[in-house]
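Visitor: Letter by letter, the chains look like this.
There are 2 protein chains.
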Amino acid sequence: MTEPTSSGPSALKGWLVFGAVLVAVLITGLLLASIMERRAEAAQGQRVLQPIKAWESDSSKWAVNWPREHASWKQTEQKDTKTKYGGSHQYDLLADVPANVILFAGYPFSVDYKQARGHQYAVKDVTDSGRNIMTKPGTCWTCKSPDVPRLMAEMGPAKFYDTPAKDLIPEITHNIGCADCHDPNTMALAISRPALIEAFERQGKDIKSVSHQEMRSLVCAQCHVEYYFKKDEAKGEKAYLTFPWDKGTGVEEMDAYYDEKQFSDWTHPISGAKMVKMQHPDYEVYSKGIHAYRNVSCADCHMPYKTEGGQKFTDHHVQSPLLNISNSCAVCHRWGEEEIKSRVESIQDKIVHGRAIAEDALCKAHFDIAACKQAGATDEELAEVRKLVRKAQLRWDYVAANNGLGFHAPQECQRILADAADLAQQTRVACVRLLAKKGVSDPVIYPDWSSKQKAQDLIKLFGKDATPPKLIAGK
Amino acid sequence: MTEPTSSGPSALKGWLVFGAVLVAVLITGLLLASIMERRAEAAQGQRVLQPIKAWESDSSKWAVNWPREHASWKQTEQKDTKTKYGGSHQYDLLADVPANVILFAGYPFSVDYKQARGHQYAVKDVTDSGRNIMTKPGTCWTCKSPDVPRLMAEMGPAKFYDTPAKDLIPEITHNIGCADCHDPNTMALAISRPALIEAFERQGKDIKSVSHQEMRSLVCAQCHVEYYFKKDEAKGEKAYLTFPWDKGTGVEEMDAYYDEKQFSDWTHPISGAKMVKMQHPDYEVYSKGIHAYRNVSCADCHMPYKTEGGQKFTDHHVQSPLLNISNSCAVCHRWGEEEIKSRVESIQDKIVHGRAIAEDALCKAHFDIAACKQAGATDEELAEVRKLVRKAQLRWDYVAANNGLGFHAPQECQRILADAADLAQQTRVACVRLLAKKGVSDPVIYPDWSSKQKAQDLIKLFGKDATPPKLIAGK
Numbered sequence: 000m001t002e003p004t005s006s007g008p009s010a011l012k013g014w015l016v017f018g019a020v021l022v023a024v025l026i027t028g029l030l031l032a033s034i035m036e037r038r039a040e041a042a043q044g045q046r047v048l049q050p051i052k053a054w055e056s057d058s059s060k061w062a063v064n065w066p067r068e069h070a071s072w073k074q075t076e077q078k079d080t081k082t083k084y085g086g087s088h089q090y091d092l093l094a095d096v097p098a099n100v101i102l103f104a105g106y107p108f109s110v111d112y113k114q115a116r117g118h119q120y121a122v123k124d125v126t127d128s129g130r131n132i133m134t135k136p137g138t139c140w141t142c143k144s145p146d147v148p149r150l151m152a153e154m155g156p157a158k159f160y161d162t163p164a165k166d167l168i169p170e171i172t173h174n175i176g177c178a179d180c181h182d183p184n185t186m187a188l189a190i191s192r193p194a195l196i197e198a199f200e201r202q203g204k205d206i207k208s209v210s211h212q213e214m215r216s217l218v219c220a221q222c223h224v225e226y227y228f229k230k231d232e233a234k235g236e237k238a239y240l241t242f243p244w245d246k247g248t249g250v251e252e253m254d255a256y257y258d259e260k261q262f263s264d265w266t267h268p269i270s271g272a273k274m275v276k277m278q279h280p281d282y283e284v285y286s287k288g289i290h291a292y293r294n295v296s297c298a299d300c301h302m303p304y305k306t307e308g309g310q311k312f313t314d315h316h317v318q319s320p321l322l323n324i325s326n327s328c329a330v331c332h333r334w335g336e337e338e339i340k341s342r343v344e345s346i347q348d349k350i351v352h353g354r355a356i357a358e359d360a361l362c363k364a365h366f367d368i369a370a371c372k373q374a375g376a377t378d379e380e381l382a383e384v385r386k387l388v389r390k391a392q393l394r395w396d397y398v399a400a401n402n403g404l405g406f407h408a409p410q411e412c413q414r415i416l417a418d419a420a421d422l423a424q425q426t427r428v429a430c431v432r433l434l435a436k437k438g439v440s441d442p443v444i445y446p447d448w449s450s451k452q453k454a455q456d457l458i459k460l461f462g463k464d465a466t467p468p469k470l471i472a473g474k
Numbered sequence: 000m001t002e003p004t005s006s007g008p009s010a011l012k013g014w015l016v017f018g019a020v021l022v023a024v025l026i027t028g029l030l031l032a033s034i035m036e037r038r039a040e041a042a043q044g045q046r047v048l049q050p051i052k053a054w055e056s057d058s059s060k061w062a063v064n065w066p067r068e069h070a071s072w073k074q075t076e077q078k079d080t081k082t083k084y085g086g087s088h089q090y091d092l093l094a095d096v097p098a099n100v101i102l103f104a105g106y107p108f109s110v111d112y113k114q115a116r117g118h119q120y121a122v123k124d125v126t127d128s129g130r131n132i133m134t135k136p137g138t139c140w141t142c143k144s145p146d147v148p149r150l151m152a153e154m155g156p157a158k159f160y161d162t163p164a165k166d167l168i169p170e171i172t173h174n175i176g177c178a179d180c181h182d183p184n185t186m187a188l189a190i191s192r193p194a195l196i197e198a199f200e201r202q203g204k205d206i207k208s209v210s211h212q213e214m215r216s217l218v219c220a221q222c223h224v225e226y227y228f229k230k231d232e233a234k235g236e237k238a239y240l241t242f243p244w245d246k247g248t249g250v251e252e253m254d255a256y257y258d259e260k261q262f263s264d265w266t267h268p269i270s271g272a273k274m275v276k277m278q279h280p281d282y283e284v285y286s287k288g289i290h291a292y293r294n295v296s297c298a299d300c301h302m303p304y305k306t307e308g309g310q311k312f313t314d315h316h317v318q319s320p321l322l323n324i325s326n327s328c329a330v331c332h333r334w335g336e337e338e339i340k341s342r343v344e345s346i347q348d349k350i351v352h353g354r355a356i357a358e359d360a361l362c363k364a365h366f367d368i369a370a371c372k373q374a375g376a377t378d379e380e381l382a383e384v385r386k387l388v389r390k391a392q393l394r395w396d397y398v399a400a401n402n403g404l405g406f407h408a409p410q411e412c413q414r415i416l417a418d419a420a421d422l423a424q425q426t427r428v429a430c431v432r433l434l435a436k437k438g439v440s441d442p443v444i445y446p447d448w449s450s451k452q453k454a455q456d457l458i459k460l461f462g463k464d465a466t467p468p469k470l471i472a473g474k
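Chain order of the listed sequences is C and W. Residues in the first sequence are numbered consecutively from 0, following numbering that gives the first Met the number 0. Residues in the second sequence are numbered consecutively from 0, following numbering that gives the first Met the number 0.
Incorrect hints may appear among the rest.
Given that identical chains are not distinguished, each listed pair holds provided it fits within a single copy or across any two copies.
Straight line, CA to CA, 16 Å or less: simulated EDC-like cross-link-like pairs of lysine to aspartate or glutamate [said to hold, decoys possible]:
{"id": "1", "residue 1": "K436", "residue 2": "D57"}
{"id": "2", "residue 1": "K123", "residue 2": "E170"}
{"id": "3", "residue 1": "K287", "residue 2": "D348"}
{"id": "4", "residue 1": "K246", "residue 2": "D91"}
{"id": "5", "residue 1": "K83", "residue 2": "D464"}
{"id": "6", "residue 1": "K113", "residue 2": "E55"}
{"id": "7", "residue 1": "K52", "residue 2": "D441"}
{"id": "8", "residue 1": "K287", "residue 2": "E344"}
{"id": "9", "residue 1": "K459", "residue 2": "E236"}
{"id": "10", "residue 1": "K83", "residue 2": "D182"}
{"id": "11", "residue 1": "K436", "residue 2": "D231"}
{"id": "12", "residue 1": "K372", "residue 2": "D456"}
{"id": "13", "residue 1": "K60", "residue 2": "D182"}
{"id": "14", "residue 1": "K463", "residue 2": "D79"}
{"id": "15", "residue 1": "K135", "residue 2": "D264"}
{"id": "16", "residue 1": "K135", "residue 2": "D299"}
None of these hints come from the bench; they were simulated from the model.
Only chain C is shown next, with the shape it has when bound in the complex (with noise of 0.2 Å):
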């Protein structure tokens, strides 16, 4: 037997030991290191913040106190993201489907109608929209800047409404930023706009009781939503932003709400029908689904938390989940980003499928009105199947007019475009009982609107003085 020696395997052991703790004591300092500097990071988050002057249209001056913020602002600018139906890429929504332009022919979205793009492009492209924005009221500027709300408050909303929209251009100057939807004393998010606020006033709720969680969608709504110009001589109101919502906020409160007003944003020249034409319902159509049902605020998932040296703080790159799903959808649904992008997709194919059905059965009943109309047909025999052209209409455009293409309530956009379909069908059903009464029996002689230039070539010949092409053989 070999007794141990101080020189044996125990010293070994010893010097092993040492090492270990070196190694210990350094990886724990390079911890405290790496805390303190985090900490440091996070520190300059509280620093004194500088105060902001009212109304500051400017996001650049808010900049100071929010530069992480400001810098993902910024990001609005990408203009060429692309998701299968969405993204910042300004799809050409009328060479997509040119049943587009049939369906606003007489109304400037048939001769120019694109996806949105970000919120840094909101000035340029309401100035440059081909629907020449600019020969309309300074009420079509109200979404577009933090200058609406400074001016508003100069003005009062009624006298900014009714100036016309090209006398607002010098003033103009600042894309949607922080003061569309923050205070600028507290940071709090507050609504800048007169138009939602008198909405929840009509329906007797009071804005200022909602919670953080709701606020967080309703600065969107503020703009996404539907809304019509009021017209009231009596108030020399011309064109006062309104929300359509005191009876609700689904399509057939909407519907009935206009019915009740007897309201039309312009009279179709192909059926005669009067038409609303629905801007972008997303919030009254996200408030339908399972996300507003679970309390996921437009936020949540517009503009996911985000972290950068140890700050946590909110994406202002607005823009569609699906380009973020690893921070947007991913935070809840634990699922690949192949698989979200999938399940998402497969949703909206099947809207895009339910929407063609009842584009198509739309263009058909425009036309088959007209044919009534050449076949002798009076505004009174015609009035019926007018009135239910406009609410098949309606009741598409509420989909098809939304952004996320019914994602944001696939089940209830579903129903409607079933609903949509089905009362263009019944017009037309209307329509050739007619015909038959004017000794028409042949079918109706269909042009050609398979391209956006057929199509638009098409609308014109159904504009005054024109010669519309002969729907009815013989006639």
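Following the hints, position chain W against chain C.
Guide: Quick look at chain W alone, frame taken from chain C:
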């Protein structure tokens, strides 16, 4: 200062500790006893299994080995459970939706059509059915009893299908039970009916290679599917049970299959259209939905795991998950039972809405075709509209006939119902045009089918030697 003594607070503390130890020992003893008892119960589950003979159709013979499964299976006797749209209560689907009478005119479903109830009633309900099923081929017995695989083993499937149902009554005495889904030797899930195996083979798939989890749906898919009675004179087949899956299990694929086979179940006496009755394409619809996508099987929701006396086993009380939410839905969806129920019903409400639109359009389409006939249209002239109404109704029925009211694949079902309504309305447009060709421009005079009785009286008028009501004025 008082010195501590052994009879002071320190002694009291000692007694307290002693007492606490006693209590702890007692509790430990009780826990151990409980664990031992559970082990003993669990050990019962590991009893030596008694042999069960091949094709044993009497489920009570299996009970010796599987007492808990057998006891829960017996509970499918319950006949009074109700959900908003289902349960084991035998809703009268003709009274609830009189349009069913019109749509199935000339077919036994217009006489008697009830919500199915528990497996324990399979033999009784098929024997007593107002659809006179005992006058039909043996094929009608296929899904009703574990005596069927026994008889098929003896006779061969073809001969079984070919024997009149009535002649098999003495042999078929046991309700759907153990032998329908299990191998008696291994208790493994097993396919006992040839139609599913043959459908797999025709698609080039081997049903033996599927996973256990897939089997937990496929044993159900032996019966809960769309099927038809294939006739093949060359093979001497009169009613060979066949799944129309060769092109796929989607509704468009089945439609194409039936068109190619020029198959129809009956000729509709009102429209003269050659119709297909969809049975209950539960598996097909399920396979298009999110639960199937997530690999949740039929059994996971309809036969969730259950624990009794320390034993976990599959609850064989097959029923609507809405009657067992806490063990079924709530295992994954951690919400309150009322909330889960209301979510499911809000989905089903939208399906019922889409179904009602389709039903109204379909009933009118059948009468519109009848009106054309009354106006003198020939079979040749009616060929197109009859094809259209067949396609429309097949789609509607794919959704309407399946259990769960579309819940198994809500978006797919809404898509299909929208198509059904649209196709039915296209039928109507074509009919009105045909009426015009025959000089009829007045609206079709729709008779009243607003109750089961009225609807059943009405369809009799379209029977042989009866005089149908006048559907067009003056004729």
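Visitor: Which hints, by number, does the structure contradict?
Guide: 1, 4, 5, 6, 7, 9, 10, 11, 12, 14 and 16
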